[in-house]
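Enquirer: All chains, full assembly: derive it from the sequences and hints.
Respectively, the protein sequence lines represent chains G and C. When you number the first sequence by the working numbering, it's gap-free, plus one each residue, and the end is 324. When you number the second sequence by the working numbering, it's gap-free, plus one each residue, and the end is 607.
Treat the hints as calculated values from the structure; they're not laboratory data. Careful: at least some of the hints might be erroneous.
As the list claims (entries may be wrong) - Per label pair, the in silico range of CB-to-CB distance:
no., chain 1, residue 1, chain 2, residue 2, range
1, G, D91, C, D372, 30 to 36 Å
2, C, S385, G, W162, 31 to 37 Å
3, C, D502, G, H58, 56 to 62 Å
4, G, G94, C, P364, 49 to 55 Å
5, G, R215, C, Q507, 57 to 63 Å
6, G, R69, C, I348, 54 to 60 Å
7, C, M509, G, A105, 57 to 63 Å
As the list claims (entries may be wrong) - Which residues of chain G face chain C? A partial, calculated answer using Cβ under 10 Å:
no., residue
8, A19
9, A26
10, L50
11, V53
12, V147
13, A148
14, A151
15, V269
16, A271
17, M287
18, V292
Backbone N, C-alpha and C define an ideal beta-carbon position, used for all residues, glycine too.
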Amino acid sequence: MIRGLPRRIAGLFATLLAASFLIFAAVYAAPGDPAVLLSGSRQELTPEKLAAVRAEHHLDEPLVVQYGRWLWDGLQGDLGRSFQYRDHVADLIGARLPTTLELVAYATVFFVVLGVGSGVLAALRRGWVDSAVVGGTTLAASVPAFVAAIALVSLFGVRLGWFPVTGQGEGFTGRLHHLTLPAFALALSALAVISRVTRQAMAEAYASDHVEAARASGQSERQIAVQHVLRNALGPIVTMCGLVMAGMLAGTVVVETAFGLSGIGSLLVSAITTHDFPVTQAVLLLMVIGYVVVTTLVDLVHPLIDPRVAPGGKPRSKPEGKTA
Amino acid sequence: MTTVTAGALAPVRGRARRPVPVMIAGGFLALVVVAAVCAPLIAPHAPDAVDLSASLAGTTSQHPLGTDASGQDLLSRVLYGARSSLLAPLALLALAALLGVTMGTVAAWRGGWVDTLLSRVTDVMYAFPGLLFVVLVIAVFGDGLTTSIIALGLAYAPTIARYTRSLALAERSKPYIDAYRVQGMSGTRICVRHLVPNLAGAIVGYLVVLFGEGLMSLATLSYLGFGAGSPSIDWGLMVQEGQDAVVQGALLPALVPGTAIAAVVVAFNIVGVRVSDRLGKGR
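Expert: In structure tokens form, the structure reads like this:
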């Protein structure tokens, strides 16, 4: 645990530095002059005026200097001002982040409970239950989140009227009520991945010798399933849950747009359509940091759950659910 | 860490005969391809024929799947939409395969700094979860179908490169490669003529699995407004255009293309797992 730690932390920062540079440099290389965007198109644009705007926003400095300034300001919480709203980017994100985090947390509850539950069920009850779970998860993994979102709204929102289709909700239960369909749409493909991993890990644990030994010593099947099988299968399950949850931050882009929620995912979409580069950069950076930090944490925690895993020895791998 | 491929748990029984779900999925896909090719012959209406008097009509004998808000026939639009929805993932995979197989083979063959560079590039790309890398490219170079295809191609290339690299490393150590070397054949020639063709089966199997994902990603981008633009007919775009009608109680304009996307992706995943099982056999 301790031995590999400095290397992992160094790797984490190297990845973040490279990713943040990519985000900044890509926008720097974008066609079009940011000075024109910044000065607003209504005024007369003389070369002197453009030069003044460039100097004011440090656009006349070399790329690396600009990047350093952006990163340094960003670390101090100043992410610049939005082109679109003329507001501080940090304030825009701060106002929308709670909705996104609530959505991710709610979806995580969904996919952990239902995913692990169905996986365990499939591993314990072979036969038609198993086939049904495998078939159901194949289906769930193949439905894009936005199609799931619209199907859920159509059925439970419009036809049955069980859930509201617009708005954010008031109070805790109101918000929960409003976020149920979005969270489920977000959780659907994750649920399939977790269910498969759980089923696989349980099946592998069942095949090991100590389960046979426990059975021979006369323990009940229930006790074996909980103490020997699930306990041993927990490592991969928890790891995968962490990785999938980390990737969900990106999944909110689609789900928030589909349900008209005002979170950082929908903020990113509107920032891109309006060419609001500071907001685009900041949201992308935030999502990448969240993802990389959580996946690294998961890797570090894994040996604590499952001591058989050598700490820091394995490279980070990407979870399968790639749908954003 | 456990990396799970879509087929990790598919039942392995029935190797000799094709399982029923695979047959159904394969038949369905063949049907979709035929429908896309013959769309002008079988579509009952022109896909862009506006008929405001038939706006949001339900299923009628004239419009078997109903109409959208401007009275365009949904069946015709889904049939025409199949064309770009199937061709775009194909283009994206061709680009990704070209880049990925080249990078992977060179990394495995040369090793050294090329290999290190590949793994560094892959690391940075993998720091972007989901479609975020593609979103970054679109933010910079503007939206549109071409940008989406190129961006997704770039995003998929490292994954394919990594897979090719692992296959090529195993293949490289086989005796026949040494035999060609002894004959004095150049490294490039061995790779292009012998090594890559020998890996083709496994790579194609992998690409079939990726096709469903590519279709899904492209549809998602079109839905978000980053992909195919308004006059073109695309399933993801159709869902976006039909979404406003859902709240009014007209579900067909969004659900018909949405179901088409989901059904094709499901079918591709079922067939893809089978194909990659067969083609990747013995590796």
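Enquirer: Hint by hint, note whether the structure agrees.
Expert: Each hint, compared with the structure:
1. With their beta carbons about 44 Å apart, D91 of chain G and D372 of chain C fall outside the hinted range of 30 to 36 Å.
2. Restraint check, S385 of chain C to W162 of chain G: a C-beta distance of roughly 33 Å satisfies the suggested window 31 to 37 Å.
3. The hinted range of 56 to 62 Å is satisfied by D502 of chain C and H58 of chain G, whose Cβ atoms lie roughly 58 Å apart.
4. A beta carbon spacing of about 53 Å between G94 of chain G and P364 of chain C agrees with the range 49 to 55 Å that was offered as a hint.
5. For the hinted restraint 57 to 63 Å between R215 of chain G and Q507 of chain C, the CB-CB distance of approximately 59 Å keeps it satisfied.
6. Look at R69 of chain G against I348 of chain C: about 59 Å separates their beta carbons, and that is inside 54 to 60 Å.
7. Between M509 of chain C and A105 of chain G, the C-beta spacing of about 59 Å keeps the proposed range 57 to 63 Å intact.
8. Interface hint status for A19 of chain G: upheld, as the beta-carbon distance to the closest one in chain C is roughly 4 Å, under 10 Å.
9. The closest approach between the C-beta of A26 of chain G and any C-beta of chain C is roughly 5 Å, which is under the 10 Å cut-off, so the hint is satisfied.
10. Against a cut-off of 10 Å between C-beta atoms, the interface hint on L50 of chain G is violated, since the closest Cβ of chain C lies about 21 Å away.
11. Contact between V53 of chain G and chain C, as hinted, is not supported at the beta carbon level, the nearest pair being about 21 Å apart and thus beyond 10 Å.
12. Interface hint at V147 of chain G: satisfied, since its Cβ lies 4 Å from the closest Cβ of chain C, which is below the 10 Å cut-off.
13. Interface hint status for A148 of chain G: upheld, as the beta-carbon distance to the closest one in chain C is roughly 8 Å, under 10 Å.
14. Look at A151 of chain G: its Cβ gets to within about 7 Å of chain C, closer than 10 Å, so that hint holds up.
15. The interface hint given for V269 of chain G is met, as the beta carbon of that residue sits about 6 Å from the closest beta carbon of chain C, less than 10 Å.
16. Among the interface hints, the one on A271 of chain G holds; its C-beta lies about 8 Å from the nearest C-beta in chain C, closer than the 10 Å criterion.
17. With a cut of 10 Å, the hint placing M287 of chain G at the interface with chain C holds, because the nearest CB-to-CB distance is about 6 Å.
18. For V292 of chain G, the suggested interface contact is upheld, since its CB lies about 5 Å from the closest CB of chain C, less than 10 Å.
Comparing the model with each earlier hint shows violations of hints 1, 10 and 11; every other hint is respected.
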